[in-house]
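In order, the protein sequences belong to chains A and B.
Numbering-wise (UniProt numbering), the first sequence opens with residue 1 and increments by one.
Numbering-wise (UniProt numbering), the second sequence opens with residue 1 and increments by one.
Check before you lean on any hint, since a few could be wrong.
You can't tell identical chains apart in this list, so a pair holds if it fits in one copy or across any two.
What the hints assert, rightly or not - No more than 16 Å apart at the CA atoms, straight line, and that leaves these computed lysine to aspartate or glutamate pairs for EDC-like:
no.	residue 1	residue 2
1	K197	D226
2	K170	E323
3	K81	E158
4	K78	D180
5	K250	E293
6	K133	E397
7	K86	E473
8	K511	E473
9	K506	E416
10	K405	E293
11	K78	E158
12	K457	E489
13	K105	E141
14	K197	D52
15	K365	D52
16	K105	D121
17	K203	D52
18	K203	E416
19	K405	D237
If you're looking for bench data, these hints aren't it; they were derived computationally from the structure.
2 protein chains.
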Amino acid sequence: YSDHCPLTPLKWARQLFLINSFSVRRSARDITNMSQQAANGLPCRGKVLNLDNMNPNVRRVEYAVRGAIVQRALQIDKELKEGVKKPFTEVIKANIGDAHAMGQKPITFLRQVLALCAYPDLLDDNKFPDDSKQRARRILEACGGHSIGAYSSSQGIECIRQDVARYIEKRDDGISSDPDNIYLATGASDAIVTMLKLLVCGKGRDRTGVMISIPQYPLYSAALADLAAVQINYYLDEDKCWSLDIAELKRAVTAARQHCNPRVICIINPGNPTGQVQSRQCIEDVIRFAKEEHLFLMADEVYQDNVYAEGCKFHSFKRVLFEMGPEYSTTVEMASFHSTSKCYMGECGFRGGYMEVINMDPEVKAQLTKLVSVRLCPPVPGQALLDLVVNPPQPDEPSYDKFMKERTAVLAALAEKAGLTEQIFNTVPGITCNPVQGAMYTFPRITLPQKAIDKAKAEGQVPDMFYCMKLLEEEGICLVPGSGFGQREGTFHFRMTILPPTEKLKFVLQKISDFHIRFTQEFS
Amino acid sequence: YSDHCPLTPLKWARQLFLINSFSVRRSARDITNMSQQAANGLPCRGKVLNLDNMNPNVRRVEYAVRGAIVQRALQIDKELKEGVKKPFTEVIKANIGDAHAMGQKPITFLRQVLALCAYPDLLDDNKFPDDSKQRARRILEACGGHSIGAYSSSQGIECIRQDVARYIEKRDDGISSDPDNIYLATGASDAIVTMLKLLVCGKGRDRTGVMISIPQYPLYSAALADLAAVQINYYLDEDKCWSLDIAELKRAVTAARQHCNPRVICIINPGNPTGQVQSRQCIEDVIRFAKEEHLFLMADEVYQDNVYAEGCKFHSFKRVLFEMGPEYSTTVEMASFHSTSKCYMGECGFRGGYMEVINMDPEVKAQLTKLVSVRLCPPVPGQALLDLVVNPPQPDEPSYDKFMKERTAVLAALAEKAGLTEQIFNTVPGITCNPVQGAMYTFPRITLPQKAIDKAKAEGQVPDMFYCMKLLEEEGICLVPGSGFGQREGTFHFRMTILPPTEKLKFVLQKISDFHIRFTQEFS
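With the rest of the complex left out, here is chain A (with noise of 0.2 Å):
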C-alpha cells in the first residue's frame, strides 16, 4: 500500500457527478457555447472559468460522506416522490452522523433557551422555567445590544468562553483552562481547517506534511488538498479493534521525512469512522511521540461524550498532557476541538463548536485572532447552544430533572445500538464488525467476490462504490463507501450511523445482511 501519497483521487466521485442533471458534457457544452458567441459575431471564448482554469486544489477536494452516493441518494428521493416504483417506499440515509434527521428529538431545555434568546418577549412567559430563563438572560447580557442578531468578539463571546474553560477544567479534574485559549467556531470543522491553514508552509520538500489516521473523517483529506499540504497516511490496526500502533507513526514520519516537512498529527478519539475509544496508554504514546518528532498534536474529540463499552473512558489529550509533567505540559503544542453537533443533543444545525489550543505561541495566536476576524464571528445561536452544552442545568436547577432524562436516554440508546450492530453484522458471513466503542459510526469490512470487484474495475468504479450504489438501488439504504475514508488496499469496508431509531436500526442491519449474502451469492 502507499505510505505517503494522498488517498488516490476518488475517480468514482467524479465520474459519478455525471448523474447529476447540470453535468453537461464537455465538449457538447462547449461547441454550444461557441457557437453561441459565434452567431453573435463574437470571438469564440470559453467560460472565463471552467475545469481546467479552476483552482486545481480545489478539484482534488473530495469529501465522500456527501459524495456521489448521496446525490443519487437525493436523486432517488425525488423520483419516490415523483411516483416512480422502487422495491423500497423511502431512502434510508445511514450516510452522515445527524441525529435529529433520523428522529432524535432536541433536548428541550437548550431549545427553551435558545427560543428565549431569539424572542426576549417570551422572557415574561411563565411557561419557561426560571433557570432556562436565567441563562437566556446571562447570554443576552454578553451580546452587543442584548441581541443574539449582533456581531460577537471574533474569537467568541467572553462569558461562552468563560464556561468552556470551566466545562474543560470540570472535565480534566481541575486541570487550569484559560478561556483567552478558547476559540468558538463554526462546527469543528471550522476550527480544524484554520487551525490546518496556519500550519501548511514550504514548498517541493519543505512543504508541511500532516499525519492523519487511515481510515480517515474526510474533511482531512479535503482540508490538505484545498491548502496542497502533503497527507501522510497512518494506518490503524483493524485487527486490534482498530487500535493506533506507535511504531506505524514511527515508518509514516519516517517515510515522509524523505519528501515534505511532517509538521502536525491529527487525532480522531473516539474515532470516526472507525468507533476506537483510545486507551490512556496510546495517548500518552501519541504525546511522546508528537514531542520526539517534533509535531503539532491536533486532537479531534468531538464524540467526547459518545462513549459506549464497558471498560472503555474517554480521555482527553490535554488531561494526559498535563499529567505527564511539565517536560511535556509546558513544551507540546496542541489544539483540542469540540462540537455541538454530536453526543447528546446532535445540534449539527447550529453550527456550533470550540478548540482550545495549549502552549501556542503568543504571535501566532495573535495571526490566529487576526485570521478568524476577517469572517467576523461564528454564528451567535451556535454560540447561545454550546453555552448551555457546557453548562447544562445543574441538580438544584428546576430543569435538570427533565434535561438529565433526556440525555440519559439518548446515550442509552446510542449504546444499545451500538451493541446491537456490531452483534447482528458479525453474524453475516462475509461481514466483519469491531465493536463501536464510541462515537456513532460503524466501519464493517466486508468481503467481496472476486467477480464482483472484477465487474466494478469493468465498470471503472471501486469495488465498494458499486456494492453501495447497489444496495442503494435495491434497498434504498445510503452508506458511505470504505474508499471514501481510505483502507488498506485489497480492503472494502463502508461507514453506517447507528443513529437510526432502534427498530429501524434492525431492519436496516437485516436488509444490509441479505442484500450482502444476495451479493455474495449473486457473484460467486
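On the provided structure of chain A, position chain B as indicated by the hints.
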C-alpha cells in the same frame, strides 16, 4: 500611487498587536522556551509553529475593521469597567456595521418565527400570529426530522433557495432565477471567499488577478492575501462622489496584464466604505468591460435595500445584464451576493446570506457544490432567517402592518442619519464628506497638518491611524482609518457607521468635529 501592489502591509497593525497582553517579545520568549527545554535536558528547539514558519499568506492578511484599533477599544472598555478614569464613560464603536449592537431592535416577525423554529412547542401558543406559525411550519417541514438541528443540504434548504429565487425574480421585474443557481452561505463573506477560491490558479505571471475598488471592504484584500492571488486596484473617483470610471478600469487591467492574469472584477454596490450608489449606465459599462476583458463579475450587493439619496436607485447587476440582451445575458459569468446582516434587519449574528451564480460552467458548479459540502452546511437558523427576509409578510397577513412599520422606521432613520452625517461633517474645516447615498457608512476625507503626518511617521504609524488612535484615547470613539480600506496616496480618511441612534450620532459627529479642530490646531 501604486497600481497593482497589494495594499502595503499595514505595519501599524502588527506593531499595535504589541498592545495586546499576549504579545510577548519574540527574543525574550524564545530564550524562555529554550532555557526550559535545556533545563529538561532536551535539545533546544523552538515552537513547532511560530511566526517564521507559519503560513506566510495568513501573515499577509489584514482586516482593519477588527484590527489593532478595535483591540485597543476593547482594552479601554475593560479599563473603564475596572474604574480607570478617562475623559469619557463609554467607548462608542462606530467601526463596524453592527445595527443591533448600536441599539436597533430586531424585527418582531423575524424573531417570532425563529423562536417557533427553535422550540416548536410554541406552535400551540396563541400569542404568536398565524402567519408566523405558518412560516415556521413550512421551514420545519423542509428540515431533516423537522428540526433546525439537522444538517441541511450543503447548498442550502431547497424550499428556501426557491424563495430566494422568487425574491430575485420579483426584485428584477420577472427576470427568471433558478433555485439551482442559489447557494446559501454563512453570511455573504463566506460566499465571497468561496467564489474567489474557485477562481484562483496559476503561478508567476499566470497567477489570477482580481480587480477590486480602492477604497474597498478589506474582506477582499484579506481573502486575496490568503489565496495568494494578485490584487489589482482600481480607484474610485472621490471628486465625483466615489463614482467608477471605465477608463480607470482599463488602465488598471492593462497595467496588470503585464504581471498577472486578470480574471475577476469585484464591485460593491451600494459602496462599502464609500456609500455611493451606482447609476444604471455605470453598471452597463462595467458589464460591457467585463465581457470585453473576459472577466468573471462578482457583485457584492449586500446593501441593496440601503439606498437613501433622492434620485438614487438600486439596480441589480443581474437585471441590467439581462436587459442588455442575450449577447450579454447568456455569456457574462457572474455571482451576486446578499446577506441578512444589513438592510433593515441587521441580523449580523445569524451569519445568513446567499449567492446567485449566473452562466457558470456546469462542471464548475458541480465542483462548487462539492467544495461547500466539506463544511456540511450553512447554519440553519441563518437559513431560516434568510427565508423570512426574502419572503416577508404579505399585505393580507396578520403580521404585515407591524412588520412594515418596523421596517420603514429603521430605513427612515437611516436615511435621516445619512443626511445628518454629511451635513455636519461638511461644516468642519478640513473634513470633506461625499453624500451617503446608500449602505451604512461615511468615508470622509480629512486634511491632516504636515506636523501630524511627521509625528505619526516618527512613531511608525500611518497618519490616519495616528489620528484615529488619538480620537479613541481622547474621546472614546472607535473609527477605522482609511488606510485599512485603501486610499490614494497622500489622502487620509476614516470610515464611520451611521448606525448609532440619532441623538448619539449627533453627539459622535460633534465630538469628532471638535476633535478634528483641536487636532488641527495642536499640529499647526
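Going through the hints against the structure:
| no. | hint | result |
| --- | --- | --- |
| 1 | K197 <-> D226 | both (10 Å within a copy, 9 Å between copies) |
| 2 | K170 <-> E323 | within (15 Å within a copy, 63 Å between copies) |
| 3 | K81 <-> E158 | between (47 Å within a copy, 15 Å between copies) |
| 4 | K78 <-> D180 | between (48 Å within a copy, 15 Å between copies) |
| 5 | K250 <-> E293 | within (9 Å within a copy, 53 Å between copies) |
| 6 | K133 <-> E397 | within (12 Å within a copy, 31 Å between copies) |
| 7 | K86 <-> E473 | within (8 Å within a copy, 71 Å between copies) |
| 8 | K511 <-> E473 | within (13 Å within a copy, 70 Å between copies) |
| 9 | K506 <-> E416 | within (11 Å within a copy, 64 Å between copies) |
| 10 | K405 <-> E293 | neither (46 Å within a copy, 64 Å between copies) |
| 11 | K78 <-> E158 | between (45 Å within a copy, 12 Å between copies) |
| 12 | K457 <-> E489 | within (14 Å within a copy, 63 Å between copies) |
| 13 | K105 <-> E141 | between (29 Å within a copy, 15 Å between copies) |
| 14 | K197 <-> D52 | between (25 Å within a copy, 15 Å between copies) |
| 15 | K365 <-> D52 | between (37 Å within a copy, 13 Å between copies) |
| 16 | K105 <-> D121 | between (25 Å within a copy, 12 Å between copies) |
| 17 | K203 <-> D52 | between (23 Å within a copy, 15 Å between copies) |
| 18 | K203 <-> E416 | neither (49 Å within a copy, 55 Å between copies) |
| 19 | K405 <-> D237 | neither (37 Å within a copy, 65 Å between copies) |
Hint compliance for this structure: hints 10, 18, 19 are not met, and every other hint is.
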